[in-house]
Structure formats: structure tokens, C-alpha cells
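Sequence order for the protein chains is S and W.
Numbering-wise (the working numbering), the first sequence opens with residue 1 and increments by one.
Numbering-wise (the working numbering), the second sequence opens with residue 1 and increments by one.
Keep in mind the hints are simulated off the structure, nothing from the lab.
These numbers were taken from a predicted model, which means no experiment stands behind them.
Hints are supplied without guarantee of correctness; some may be wrong.
[To be verified] Distance condition first, Cα-Cα at most 27 angstroms in a straight line; then the derived DSS-like pairs of lysine-lysine: (1) W:259 with W:390; (2) W:416 with S:49; (3) W:403 with W:99; (4) W:204 with W:329; (5) S:49 with W:461; (6) W:168 with W:354; (7) W:107 with W:308; (8) W:168 with W:204; (9) W:216 with W:416; (10) W:308 with W:229; (11) W:354 with S:49; (12) W:361 with W:86; (13) W:390 with S:49; (14) W:86 with W:139; (15) W:229 with W:204; (16) W:259 with W:204; (17) W:139 with S:49; (18) W:229 with S:49.
[Stated by the list, open to error] Sample of chain W residues facing chain S (criterion: CB under 10 angstroms; computed from the structure): (19) 156; (20) 204; (21) 215; (22) 219; (23) 243; (24) 295; (25) 306; (26) 308; (27) 439.
[Stated by the list, open to error] Calculated Cβ distances over 10 angstroms to all of chain S for the following chain W residues: (28) 237; (29) 303; (30) 428.
A virtual CB, placed ideally from N, CA and C, is assigned to each residue, including glycine.
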Amino acid sequence: MALFSTSTQQRRKWGEWLTGYAFLAPSFIILAVFTYFPVAYALGLSLFKWRIMRGEPTFNGLTNYELLLTSEDFWQAIGNTIYFAVGSIPTNMAIALGIAMLLNREIQGRAIYRTAYFLPTVTSMVAVSVVWMWIYHPDVGLMNYLLNFFQIPAIRWLNDPRWAMPALILLGIWKGVGYNIIIYLAGLQNIPQHLYEAAQIDGANRWQVFRNVTWPLLTPTTFLILIMAVINSFQAFTEFHVMTQGGPLGSTTVIVYYLYQQAFQQFNMGYGSALAIVLFLIILGLTLIQNKLLGARVHYQ
Amino acid sequence: MKNWFVFALVMLGVILMACAPAPTATPVPPTAAPAAKPTDAPKPTTAPVATSAPAAKPTDAPKPTDAPKPTTAPTAAPAASGSKMKLSFWHSLSGNTGKALEAMVAKFNQQSQTIQVEPIYQGAYADIAQKLTAAVTAKTLPEVAQMGGAPTMADSGVVINVADLVAKADLDDIYPGFWDYNKYGGKIISMPYNNSIPVLYYNKDLFTAAGLDPNKPPTTWDELVTAAKALTKPGQWGFNTHTDTHWYFSAMIMQNGGKILSDDGKKVVYNSAEGIEALQFWGDLVTKHKVMPSNQHAQAGADFVAGKLGMIMRSSASLGSIQTDAKFKVGVAPLPCKKTCSEPIGGASMLIFKTTPEKQKAAWEFVQWMTNGANTVDLFIQTGYVPLRKSVADVPALKDYLKSSPNAQVLVDALKYSSAIPIFSELGNSDEQLRKAIEKMELGSGTAKDAMDAAATVINKNLAGQ
């Protein structure tokens, strides 16, 4: 009797175990094949010198990492990426919050506005980039036409190393703000109305309401948007590939574009893999730091 | 009430998670991103090949004229194919050019009693290079392949050198520039197939408006400057080049008597007086003569077609698309010369891989057929890739075509100046360094000597380390 029951229990345990893993399997297999395996492979590859079409990979330890950390181009790419992130994220978030708060009110044609702001987000980045190349065209572009209208001298936007990155930051904000507006709207709509009523009864002015009700209750949303935005800006590639190819003078060579140049134009697969690993570590590190510094201040009601 | 609240917050969490786009939900392996994204690009301006050979874009091919199209008549082929030797042929041509190539292969299969070739498109130059590399390791190579930067495959030791197969008559008939373009370490490795040359396109209407003779394009650097000056006015530039600036610049170095690579192939030598002078000339076009906009190469093609640019250096393979898009009379000329004339070719070649002696022989027969006089003319007429052979002047199809298309005649005439930028392991990187030097010069930062020295130093350090 005792024996029998143990084996039944065991069998049930096994059954549960199997059922559990069966549920996990579909997404786990896909992740394993298309994410974990390539990551592990890249990690291995980063320890090899492998130039495609120049024979077999040869093991060279941490040489790729050493080359990378002593390369001027790498540090320029890191600098450019930080410039892009710092230039676009805070502005993007501020604009998104402002517009979300406006769109959260009872205004005429609210749905139209919401759609309009979201449109750039769902448009193909390549199409957007090509159109913006024309907007930034130094001779016939819309941007310089506007500057001219206000009597400001023309700027050579994408063709000037000082202006290429600001031009791409501007495009990034225009493209990305719609997504953040939607997230902020969701956050705003989940703030219970009775808190606003209470604030009103207490005689709070608009700023006080924002400072003490809206902002604290939006911190989870802000935190999410910040983490996503940092990851996205470190992975930005398409607009740089289409619009500037990293130029002029490397002023828009962000880290993923540098990786692409090394791995898929120069065929330095080992070096490219080392770059990928370093990029992964940077993003992981930044996310952990944000979690540590800001996570405690997030107000989860 | 409170429960509702908790529930709402949980739902918010769920919504937020669901809203997060899949790629960002987990930190994607950065390697995956760039691999997938290049395909998003509308058209990579230069083929991202090891050699970054200024490849003619298949889409740019001139409009197919009513050339004799091979009819794919199913004659005895099905019955015979059972006993025929089968060869796989990987290629990297798509669109119009790809169709022309596959039609040509079909024609070959039809006329051959013993060989059946199966063409397989493997993606653009960069893709096929990666697939062939993978195939070397996996030992799944095809018998024949067409690719850009083909000679560098010699390093992997799986290629039959064309030098060991080719007859003296072919060596003499095909322009030497094409052979040089297929050498690696001094040996002919591959067979030229689809090639283009850089040419000067000019707007005849703007020439007339500026008081220039529309039938006399500039033939020297000095004349180029003079014409460009006459063509430049507010809202209109005199001269520019397409985005693959390193191609036109390499041509200028050679026109000025300079060299890219030392004779032993061990180092780049373009930081010579000739190379520095060529870069100075390039920079002067922007900063001194003010006839070329600084760093505006990505927009140059569109500017030219829009009639806002007088002259542009670009691949001969763009002739068709330019003539279709432009609303004005388009002129074509060989690149202007300095000490010599030089038209460094770009494009792709045929490779034969080590298999069995019978298959190698069959593969060579196929490659010879594809590059014979009639077929090289056929490819030219259908796609704009230049004919390889001197002897084609007598081919009737070519004569008829040239009569109807004088601009095509210019391309054929320019072939006598065809030359090659030598293919070496660091060529892709070297082209990148040259583009950087050009950018510096156009932005007026530093001297031509410093820029050329910087480029040569980087490359020579890499070459020494190999």
C-alpha cells in the first residue's frame, strides 16, 4: 500500500513536471534556437580571429577585446551612441508626457490626434529615413526652406559632422514619441479619478496635482519607458545605415553600425562578435544600474 | 474597492508587458539585429563586399532592348537531361540582370549535349560570399559560382585557378584590365563575367545653357574644373560623384600616375606624391573651386536626374536608369584624364571549385560559353555590363545596338582604358579608409598628405600583421 502510493505520487510528480515543460517548450525552443544559441555562438566566436573567405577561424583568446578597447573607432562609436541616447531620450520622454496629458483630456477629435501621433511609429524606418533625407537635403530640403523663411542661414544637416547627429536625434524623437505617448496614456488612465477629486478638495493647484498625484503614480510607466528607450537607442541602426552610413567623418557611427561595418562589410567576424558581446554587457549593465538607482523610487501604489 | 484596484494595477502591468514590442522585451542578442536589418535597406549604395567592388546594381540596368531573347524551347532537353552531367551554379544577380543570366544558362543547357547547369540565386554579393564561406567548411560547394571579389576565395584553397585553364587566344582577346581584376597574389584566379566602368554623365541641356559645347565633355582634369565652374550657380552644382567615392578617387590616383598597391602586394602606396596630389585636387573641387558640394554624394544621383547637378561620375551600369529618369539630354563620357587615362573596372567574376576532373572540365566549358563573344554582347545589350572582348566589334548584334545607342558606344570605346584596382585582402577596409580621407578633405580638416598617410598607415599595419 505504502509502496503503491509513493509510486503514484512520483508518477503524478513526473506528469506535472512533463506538463509544465510541455507548456514551456514552444517558446523555449524558439528562444533557444534563435536567441540563446546565437548568443552563445557569438560568445565563442569572439575568442577567434575569423575573417570570412580567409580560411578557418583561429583561436586568439581575448585579443579581439583588447583590440576593441584600444581602438579609437570603438570609443568614437560609444561616444556617438551616448550622444544619441542622451540627446533623444529625455526630450522624447518629456514631449511624450506632455502630449499624453493633453490627449488625456476631453478634447474634440482626440482619436484623430492619437492616431496622428502614433503614425510615425508604425511607419517603416527605411521609408521614413529616405523621406527625411529629402527633408534634410542641403539645397532643396524642407528644413533649410524653413530656416530660410526665418532668415536663419542654411545648415548642411547630414553632410556636416556637427549637425548629422542632431539631425538624426530629431528624426529619432519624431519617430519614437508616438510609442511613448501611448504608454503614458495607458499609465494616465490608470490613475484613479478619486485621487484627483481629493486633491481638488484640498485646494491643490495644477502643478501640485501633477507633482503629488500624476507624477508619482506614473513612475512605473516612466521607469518602463526609460529602460526601453535606453535599450532601443543603444540598438539604433536602420536610420544610420540608410541616411549617413556612419559619416561624415564617423560622426554618426553608432555602436551597432560599427558592428555591422566590422562583421558584414569587413568580414571580421570574431571582432564583430566581441563587439556584440560588449554591447550586450553595456545594455545589461545600464539596465541593472537603472534598476538599482531608480527601481527603489518607483511608486507602485 | 481595494481588490478592484489591485486588479487594475495587475492589468496595467499585463498591458504594459503586452505593449512592449517583442524585440525589446528581452535584450536581443545584438548579433541578430544587424544580420537581419541590412535587408531593410532600399539599396545599399555600395555592395558590402570584402572588396567593395563598385558593383553595378542590377536594378540600374539599362532597359532591355529587343535583343534576341533565347526562347526556352523544351526540345530534347528533358529526355537528355537524365544522362547529362549536372552542375550547380550559384550566382548573385537579381532583377533584370538575374533574368538575363538565367535565360543565358537555359540557352546553354539547350545547346549542350552533355552538361545541365542549374542556376541558384544566393543573394547579393555579401550574401553569396557568406554562403560560399559556409559551404567551404561544410563541403557543400557548388561546381561554379559568380561573385564579387571572387579572387580572394583563392585563400581558402578550394578554387581551380583560371590561369591553368585559359587559352592564349582568350588572354589576348579579353582586355588586360579585366584579367588584372581577377588576379590575386599575381595569379589569374577567376573569369571576368559582369563588369562595369566608372564614367562621367553630363547634362547636355545645362551644358548648352552655360555656354558649353554639349558634344565636347571635359577630357582632362583642368577641363573638368572649367566646365564645372561654368555649370555652378546658386541652386545648381557643377560636379559631384556617386556615393562610392573611393572608386572614382582610385581612378584619379591611377590617372595621376599613382598606384594603389606595391608591386609585391605587401603594402598600399597611395600616400605617394601622386596620390596626395589627387586628393588635393578632389578637395580643391569643394573648397577652392567651389564646384562640388561637400559630402553630398548620397544625394548626387537624385540631384543629377533632377537637373540640379551638371556632371556626375557614376557606374556605367546606371546608364539605363539615368536615361529613363532624366528629363533632359544625357551625355556620357569616359572619365577625364590626367597623366594617363584610367577606367578601373568593377563587378563580379566566375569561380570554378575543385571537384572531380570531369566536373571541372564541364564547369570550364560552361564558363567559357558564358563569356564568349556572342554572350558577352548579349549581356551588355540586356543589362549594361560591358563586353569583355576586343573581338566583339564585329558581332552584328553589337553593331546594330551601338547604332541605336550612341551613349553605349562611349562605354565600348572607353574599354581601351580599362584598368584594375588590385584585389588584396584589405581592399574593403582600404576603400573605407579612402572614403574617410575624402570626407576629411571635403570638410577642409587637415592636409591631403596627413589624410593619405593616415589611410595608408592603418592598412599597412593590418597587412603587416597577417
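- Where does the structure disagree with the numbered hints, that is, which hint numbers, in rising order? 2, 7, 8, 13, 16, 18, 20, 21, 22, 28, 29, 30
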